[in-house]
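**Student:** So you can see what is in the structure, the chains are spelled out below.
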Amino acid sequence: MITFAAVRYRAIAIDTLTFSPGVTSVIGPNGSGKTTFLKLCAGITEPEQGSVLVDGKSPRLTDIGYVNEFPDRNILFPLVKDELASPLRFSHTPCRETDRAVAECAERLGISHLLDRRMQDLSGGEKIIVAFAAACISRPRVLILDECDSHLDARRCTWFEKVLCDAGATYVIRCTQQMETATQSDHLLYFEQGRVLHAGMPAEVFSRLCDTSFYPLSWRCPE
Amino acid sequence: MVLQRPSWSLVASGVFASGIHLISGDVGSGKSTLALEMAGLQVPDWGIMTREGITSSMLSFQFPEFHVTGFSVAEECASWGLETEVVLQQAGIEVREEVPVLSLSRGELKRLHLACVLSRQYDLLLLDEPFSSLDCRGKEAVCRQLSARTEGITILFTHEQSIFPKVDHIWEISGGFLCDCGEMPGALASWQHAPPLIKRLVESGRVPDNITPEGILEAACRTRG
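Chains as they are written, first to last, in my numbering: chain A, 214 to 436; chain B, 24 to 248.
Think of the hints as simulated: they come from the structure by calculation, not from any bench. Don't take every hint at face value.
If you only want the chain A side, here are some residues facing chain B, beta carbon under 7 Å, derived [stated by the list, open to error]:
1) G235
2) R369
3) Q390
4) Q391
5) S426
6) F427
Simulated restraints, written as ranges between beta carbons of each label pair [stated by the list, open to error]:
7) P307/A / G209/B: 55 to 61 Å
8) G63/B / L274/A: 51 to 57 Å
9) G205/B / P435/A: 25 to 31 Å
10) G199/B / I257/A: 37 to 43 Å
11) P208/B / P435/A: 18 to 24 Å
Virtual Cβ for every residue (Gly too), placed ideally from N, Cα, C.
Start from the sequences, fold in the hints, and give me the full structure.
**Tutor:** Here is the structure:
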């Protein structure tokens, strides 16, 4: 379980929140605190008050892969192959094992042709796919994705849902502004002004948003 | 014209008349490069692009952070020659004008940037992924503004899946070519990159008049005969 207890951090105020393994989507208006919430889950920032725990441990003691909402802020190295290898190199994985994992991961995500390219020459979508690959190459327990789908086309979004399931993370926590994507989650959190206004299964949360533009268009359309 | 890069090439020919054009395509197919070419910021490797009757143009980059020139929100608005209060109201965000503009969330930054861009009229307006990072309300607000543009050429390069403005013409990049799907609503029949919901409607014979949420809902609610 991931638990938030009496958390206060800047505009974020969460008295109590618990969610179980699976895919958790976070939706809400711009500036409502979604990214800050993800950073708290990742341990990138720590609450001023209260606690955030991943299966009873601090996020900073948990293996976490994180993809930033600004594609260029994910980039550490000039070449794609070095970017992809970086989490393994930082954890002192032997070179041969790293090379093998990079090749396997690139093959699995269909980006082998990008390995020798410069990160700055990639398109926005390609940068996000490489950042995602780097985030999941070491098979983290928690995968946190901040609006990855903003830069993906329809086909890539469908493909992305599949690779997300195959990534092997116990928890996937993602922000999305595509409500159709949010429907395909195990849990859904709706944020407003730093607070979790609604939490539950997608059908449950969206039923409370049926008069808003957040309600998925496909659900308004009869079959 | 032909755009050649080490990993892809794009052959593009067509006439973009007044109205709203939508260009879709796979990740890495060259949409942003095409936008740069159309804005005159790059020259094609072969061929020419002629701009007739274009006295003013604007390209909005996919990444709003690339546009930032001011330190604070107020300085950023001033760099566009605009009043901060007016921009913030148009953007629909509540932030203090003295905060660093790069401390805004990406969605807030995108809203601020688009409010600045859409505050003026241009003969040619190129918007690269205008809806990315916007929440649903923000997307609807931008769509309203775009749909209200009665003059000039507006070209949207987008991966958006559900909230679109009223568009006149659809194009897509496929197999290294810019393909002309045609004018609405006939374009929907050949639009390979159509979002799944639109594809489903077209396949069931309920072709929307346009791809606005209202157009899609109207088509979905039609009685099938």
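**Student:** Take a look at whether the Cβ-Cβ distance between P208/B and P435/A falls inside 18 to 24 Å.
**Tutor:** The hint (18 to 24 Å, Cβ to Cβ) holds, given that P208/B and P435/A are roughly 20 Å apart.
**Student:** Within 25 to 31 Å: is that where the Cβ-Cβ distance between G205/B and P435/A falls?
**Tutor:** 28 Å, holds
**Student:** State, for the Cβ atoms of G199/B and I257/A, whether the hinted interval 37 to 43 Å holds or is violated.
**Tutor:** 40 Å, holds
**Student:** Quick check on S426/A please, does its C-beta sit within 7 Å of some C-beta on chain B?
**Tutor:** 4 Å, holds
**Student:** Restraint: Q390/A near chain B, CB-CB cut 7 Å. Satisfied or not?
**Tutor:** Since the shortest Cβ distance to chain B is 6 Å, the answer is holds.
**Student:** Using Cβ atoms only, decide whether F427/A comes closer than 7 Å to chain B, and label the hint accordingly.
**Tutor:** OK, holds: F427/A within 7 Å of chain B, min 5 Å.
**Student:** Are G235/A and chain B close enough, Cβ to Cβ, to be under 7 Å, as the hint says?
**Tutor:** 23 Å, violated
**Student:** How about Q391/A: closest beta carbon in chain B under 7 Å, or not?
**Tutor:** Interface hint status for Q391/A: holds (5 Å vs cutoff 7 Å).
**Student:** So, as I understand it, the hint says R369/A touches chain B; can you test that by seeing if any CB pair is closer than 7 Å?
**Tutor:** Since chain B brings a Cβ to about 5 Å from R369/A, closer than 7 Å, the hint holds.
**Student:** Does 55 to 61 Å hold as the CB distance between P307/A and G209/B, or does it fail?
**Tutor:** Between P307/A and G209/B, where Cβ atoms are some 59 Å apart, the hint holds.
**Student:** Between G63/B and L274/A, does the C-beta distance stay in 51 to 57 Å?
**Tutor:** 53 Å, holds
Of the hints listed earlier, the one the structure fails to meet is number 1.
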